[in-house]
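With the hints in hand, could you dock these two chains into one complex?
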Amino acid sequence: MTKAAAVARMCVPIFLVAAFALATPAQAQKSGGSITVGQELDIPGFDPLKVGVYDTSTNTAAAAIFDTLTTLNDKGEPAPKLAVSWTHSDDYKSWTFKLRQGVKFHDGTPFNAQAMKENFDRQKNPANKCRCAFYITNVKEVLAPDDYTLVYNLTDPSINWPAVITIQSSNNVIHSPTAWKTKGDDYNRNPVGTGPYILKSWSAGDRMVLEKNPDYWDKGRPYLDRIILKPLPDAQSRFASLQSGEADIIWDDENDADNIMKAQKDPKLTVHTYKGSGAAVYAFNTKVAPFDDVRVRQALVMAVDRPKMSQAISNGLSRPATNPYGDGSWVKCKDDGALPFDVEKAKALIKDYGKPVEFKMLVTATPRGRMIGQVLQQFWKRVGANMEIEQVDQATIPSRAFTRQFQLTPWRIVDLADPDPQMYANFRSGSPLALSNFSDPELDRLLDHARVTADLSQRTEDYCAISRLINKEAIWFWTFQNTYYALSSARLKGFPKMYNGVIDVSTTWLE
Amino acid sequence: MLNFVVRRLLAMLPVLLAVSLLTFLIASLLPGDLALVILGDQATPENVAALRRDMGLDQPLWWRYLSWLGHVLQGDLGRSFRTGQTVLQAVAERIPVSLQLMLMAEFIGLLIGVPLAIACAARAGGAFDRFMTGGAFAMLSMPSFLTAILLIYLFAVELHWLPATGYVPFTEAPLANLRFFVLPALTLALAEWPGIMRVLRSDMIATLQEDYIALAKAKGLTPARILFVHALKPSSLTLVTVTGINIGRLLGGTLIVESIFALPGIGRLLVGAIYTRDLVILQGVVLLVACGFVIVNFIVDMLYAVLDPRIRHGHA
Numbered sequence: 001m002t003k004a005a006a007v008a009r010m011c012v013p014i015f016l017v018a019a020f021a022l023a024t025p026a027q028a029q030k031s032g033g034s035i036t037v038g039q040e041l042d043i044p045g046f047d048p049l050k051v052g053v054y055d056t057s058t059n060t061a062a063a064a065i066f067d068t069l070t071t072l073n074d075k076g077e078p079a080p081k082l083a084v085s086w087t088h089s090d091d092y093k094s095w096t097f098k099l100r101q102g103v104k105f106h107d108g109t110p111f112n113a114q115a116m117k118e119n120f121d122r123q124k125n126p127a128n129k130c131r132c133a134f135y136i137t138n139v140k141e142v143l144a145p146d147d148y149t150l151v152y153n154l155t156d157p158s159i160n161w162p163a164v165i166t167i168q169s170s171n172n173v174i175h176s177p178t179a180w181k182t183k184g185d186d187y188n189r190n191p192v193g194t195g196p197y198i199l200k201s202w203s204a205g206d207r208m209v210l211e212k213n214p215d216y217w218d219k220g221r222p223y224l225d226r227i228i229l230k231p232l233p234d235a236q237s238r239f240a241s242l243q244s245g246e247a248d249i250i251w252d253d254e255n256d257a258d259n260i261m262k263a264q265k266d267p268k269l270t271v272h273t274y275k276g277s278g279a280a281v282y283a284f285n286t287k288v289a290p291f292d293d294v295r296v297r298q299a300l301v302m303a304v305d306r307p308k309m310s311q312a313i314s315n316g317l318s319r320p321a322t323n324p325y326g327d328g329s330w331v332k333c334k335d336d337g338a339l340p341f342d343v344e345k346a347k348a349l350i351k352d353y354g355k356p357v358e359f360k361m362l363v364t365a366t367p368r369g370r371m372i373g374q375v376l377q378q379f380w381k382r383v384g385a386n387m388e389i390e391q392v393d394q395a396t397i398p399s400r401a402f403t404r405q406f407q408l409t410p411w412r413i414v415d416l417a418d419p420d421p422q423m424y425a426n427f428r429s430g431s432p433l434a435l436s437n438f439s440d441p442e443l444d445r446l447l448d449h450a451r452v453t454a455d456l457s458q459r460t461e462d463y464c465a466i467s468r469l470i471n472k473e474a475i476w477f478w479t480f481q482n483t484y485y486a487l488s489s490a491r492l493k494g495f496p497k498m499y500n501g502v503i504d505v506s507t508t509w510l511e
Numbered sequence: 001m002l003n004f005v006v007r008r009l010l011a012m013l014p015v016l017l018a019v020s021l022l023t024f025l026i027a028s029l030l031p032g033d034l035a036l037v038i039l040g041d042q043a044t045p046e047n048v049a050a051l052r053r054d055m056g057l058d059q060p061l062w063w064r065y066l067s068w069l070g071h072v073l074q075g076d077l078g079r080s081f082r083t084g085q086t087v088l089q090a091v092a093e094r095i096p097v098s099l100q101l102m103l104m105a106e107f108i109g110l111l112i113g114v115p116l117a118i119a120c121a122a123r124a125g126g127a128f129d130r131f132m133t134g135g136a137f138a139m140l141s142m143p144s145f146l147t148a149i150l151l152i153y154l155f156a157v158e159l160h161w162l163p164a165t166g167y168v169p170f171t172e173a174p175l176a177n178l179r180f181f182v183l184p185a186l187t188l189a190l191a192e193w194p195g196i197m198r199v200l201r202s203d204m205i206a207t208l209q210e211d212y213i214a215l216a217k218a219k220g221l222t223p224a225r226i227l228f229v230h231a232l233k234p235s236s237l238t239l240v241t242v243t244g245i246n247i248g249r250l251l252g253g254t255l256i257v258e259s260i261f262a263l264p265g266i267g268r269l270l271v272g273a274i275y276t277r278d279l280v281i282l283q284g285v286v287l288l289v290a291c292g293f294v295i296v297n298f299i300v301d302m303l304y305a306v307l308d309p310r311i312r313h314g315h316a
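Each protein sequence line maps, in turn, to chains C and V.
For the first sequence, the UniProt record's numbering assigns the number 1 to the initial residue and increments by one for each residue that follows.
For the second sequence, the UniProt record's numbering assigns the number 1 to the initial residue and increments by one for each residue that follows.
Next up, chain V with everything else stripped away, as it sits in the complex (with noise of 0.2 Å):
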């Protein structure tokens, strides 16, 4: 398992080094010119030549490349031009809205996706499945930001139960604070559960076709137990990985959600980075991102390894 370990680790570290460099390409081939964007509409070409002096602007680009991720290496992504706070400031203070949003959004979409997939499991092919099935792929190809739309004039301009914006942080108002959360959880959760149901369901369909199943029903247990105790456990496997994968892919959601819900996450401090060319802001935060997500993909890994000890022996 060690040895397993340190090779997946090993293997992440060109993954990483690609994704800083990307991540630095990025930012530096985006059109405009940084220094110009600091100086504003009216800067003197001679004050746009001085500071892209100063910031080493005028270095060739794998110089300005190795500097940068020397920096980033010794923990200093950075500081915003625009506010003077440090990229790891920035997105301490945010993490944690985004995580709770990603969260809760899971949450939801579990609590939506896996009855329903154990429902259709259940009568495969029934009417209950195709219609499930259709309306999962209707809801897949609907946009966030038109389900946050539809939300927001149902639930808070039309039925006032919910707010339509804005947040308090849950050690200040914790009722309050999950009132402000529950229309973007639900909007991205509306987009996670058809995922969710599909995985489940084909999963759950291949579980009851074993021979244990068939044992079960012919020892007489009921059709709920066969279901819940024997059925699901067995096909939540593939569910597990999907899940944790999906709490890094819903990262991209919240860019959408929580601006409109004008919630203060990573997902707004990313567009506003985009919106005012805070380039430092947008590098550092899409760097962190991005390991993060190569973080959460090694740590499934090494859960899959854990329940399935083919993988880590290579045979899989």
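The shape of chain C in the complex, shown without the other chains (with noise of 0.2 Å):
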């Protein structure tokens, strides 16, 4: 018996979902037409290779030209696209997804398991030295036991693996491995996938068109002729081409709040919002003086005024952030023990450290950056504290963070379907990236309880009482809130939520 054949034996089945979960209630979608995206980026390409991880722009054009094994529905929940059912292992150590059939690549590869074992194998083997490699640690290997049966053999437990998967990151959209092997270093720009677009042309700096794929496998999708995508990288003239038409939707962020305050009022236009998971955090140094003491790291969180601060750097669009889930993660939390904000409380216990407190902080040298720096520092100066802000590259902030050259940095936890993977790297003793150097036995063993547990209220139980214990002992602090934005002609319909901050443009379609 193959090692596939007893993994699949000892798979429970759970989630057998059906393949019309994914169409969406009749509406009246018109066919026809072509859009402009006006996005920040110039989009690097499309090889895993070369650009390693994708950033908004890229996703957004991989979310027309790829597909993924897996999506999110509207509830935010797995739901089937290349994949069309999947079961796991008692342990959740191995995943099995059943593929579709009969789905071919735009140059006519077919795809099967085959194809999408040999995307995995591409991107793992330690001779490509692709960075795209650092987010699959955690699988052991792909097999493909059949022409439409996939394994996913993984080091660790996830219970939430085919959710997981589902963002158009460059670890999990599929490419035709007849196209990379045949083009090689030009690849790179000529991306093929199983998409419903295909690439049709692509001027470096300019634009890219794409044209709708007649062979789609979801029949009646999708519904624009043709997407074009534009980096418009500013801001000012990126929302005055889509007031004057050149553009139909548009990437925006909270730096542009005005913008984004004038479209809420402009009946031609339609505002996009996705409240996400995640937020901006900042990580404490718990060995090094003054945040050894916990009264120290209280007193800052306690003097934090988000809604003050969401004003001074957004406008007030900045939704303040108690926990490092988010409104758009299925961790809800009645009690995340949030500490309250409280000048006086934080004054006395400040008095009470006996000590000056004096640090440095790391932000990042843009704009953005200072300013952040600055409003904590007015807070920080209000209770006693004085932090020297201490400006460096972006690029700086993970190499001292993570050979803990910091009193205070700066971190992000990014959009995920399942909080497992990321909380367990960022606070489980031992973790490279644990940046406060804590360690709990109390939260290891919450943390190691929820990667394996089924019952999503008890997950969620665990994940509050990690909230928690992190905010007790505050040896991390959120700021605010991911949220994403996206402009449009109020002409656009049909577009989706924008999970991970992708624009989706592939199930739009103009009135």
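A portion of the hints provided could be inaccurate.
Under the rule of at most 20 Å between Cα atoms (straight-line distance), these lysine to aspartate or glutamate pairs were calculated in the EDC-like manner [claimed, not checked]:
1) C/Lys129 with V/Glu172
2) C/Lys200 with V/Glu93
3) C/Lys200 with V/Asp54
4) C/Lys50 with V/Asp54
5) C/Lys268 with V/Glu158
6) C/Lys265 with V/Glu158
7) C/Lys129 with V/Glu158
Just so you know, the hints here were simulated from the structure itself, not pulled from any lab data.
Quick look at the structure:
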């Protein structure tokens, strides 16, 4: 018996989701037409070996050119895409996917388990030195026991694996093996997937033209004949392009609060916003003074007035966070143990500490980084703590963080469909990403328990307990939840939730 | 003349060498580790160390410079770690856009600046001259990003006459291509004409005081004929030089203007390279642009020497 067969035998079916779960309720979708999407960045390319990790602009294009095995439905639950059903082993370390039959890549190559396995092996192969490999270190191997069965064997249990692989990241989108083998170095700018749109032309720094895939497996989709993706780096002129009709939908963020508010008042425009999971976060190094004392950490957290800070940096658009999960996460806590905003209590804690509180905080050398640093500096000065801003380049922060050369550093928790991968990496004792150097047996127990428990309410309780523990010990604190924006012409319909900030226009149509 | 050309060419060598060294140092001394940039946020220290070794980043600076210079001299300016494109490929794709923008900007700048200069010089010290000289100062102090945003709001958002952003190649749709270039070129030109006007105006005022102009007036020639035929040509020598050098200087302006109007030129390439810390592209583009500037200066020197023999004999 092959290993795969053994795995398949011990699998217990829990998700057997019907293929029609994706179908949206009947609406007046119209076929035809073309739209222009205004993005923030130039797309560097699609070959994971070249670009490593996709940025938001690349994810947006990838959502049209490629498919993933699974997707998230409107409720945020995993739903079929190129996989039609899945099962898992008792210990959640092995996941078996049944693949959709009769799907072809744009170049005619059949999509099957072997193609999928080759995609994975290529990223994982140490000789290829892909920086995308970091994100799949928890996948031991991918097996293709037959044409339409795919098995993931993981090093650690993953209760929510089908949700974890939904985002259009460089790891998850599926490329045609024939294409990368025949095109070599040129593949990066000539991507071939199974997605609803086919790359027609691409001129560097200017436009990428995608045309409808007439043989798309999801019959009836897509609706638009053509999508044009354009990098429009300047936020003001991007918005002007939307107003003057050169763009139909544009990417935006809270930095551009004025234009978002203008769009909210304009009947010709629609503001799409998605309250994601994750948050902007800050980690204290608990091994160095003054943060080796919990009173100092708690005092600083209690001194942060988030609504005022939101007003200062984004005209009030930033949404305060009291835990690391965010409104878009399925983890909803009745009690997340957030420390209250209390200046007097903070002053008392600092006084109780008895020594002067002086420290340096890393901030990115960007206008936004500086502003956040200055706002926090003012809050903390009020309670008797002196913070010195240390501006560093964005790329310097990870290296300083990994080597623990900091007292207080900004960090981020990005959107993921399941909190486990990030929470485990950020807080489990001994993890290279556990920036606070904080070790607690109860925290470890909760993290271990949450990742192998199938019961959602039990997992929610675990993650809320984790939040309570982190908040009480104040080893990290959270300022604002991740929020994503896209502004579009009111004629654009069918725009889905912006999971992970991706502008997926492959389901939209023009009214 | 040949002697002069050879002398000037030899003098260019140390300049080009200095340019290459400075370019290399700028890119090398920027904060942040290239290996870390390539590997991303979550790279392990071991991976970073391995990549640094592979890329020779653990070697002394002088060794890295010489090895880089060796490659550059063989025409290999490196490859972007983001897109896999070579620097030369990337520049070749973008340069037509920037050249068109700069030429159109210079053309519009001359179109505004030259008639104004003539009008001012014709009545030097008069109300129009004083008003325009003041206006030129005001325009010089207007940052181009502000000009750009104002033009976009007026002509694209309010009047819908011209597109706010975008680009099509001239070969594909010549008229549409020109439409896309009007606002960006105008933005740059609005910063260019004051310089053009001031140089030409003062040269013309000096020319108009020459004896032969008095003679022309005495002969009863019309003021227009005197201005356009007899005074403009001898006053244009400085303008030719300034125009040549401006084209090089305009590249600085394209950084902002190309980003605002989403034109896929060299300026955008450079801004993108800075934004994504694509140091290979950054280094290569800065080197090519600097060399281009040195060469334009050389050509201007040559033109000058042709126009004024005193210069090539070293008497000026």
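Each hint tested on the structure:
1. C/Lys129 with V/Glu172: violated, 40 Å
2. C/Lys200 with V/Glu93: holds, 18 Å
3. C/Lys200 with V/Asp54: Violated, because 36 Å separates the two Cα atoms, which is more than 20 Å.
4. C/Lys50 with V/Asp54: Holds, because 16 Å separates the two Cα atoms, which is no more than 20 Å.
5. C/Lys268 with V/Glu158: holds, 15 Å
6. C/Lys265 with V/Glu158: holds, 17 Å
7. C/Lys129 with V/Glu158: Not OK: C/Lys129 and V/Glu158 at ~51 Å, beyond 20 Å, violated.
Taken one by one, the earlier hints fail for this structure at numbers 1, 3, 7, listed in ascending order.
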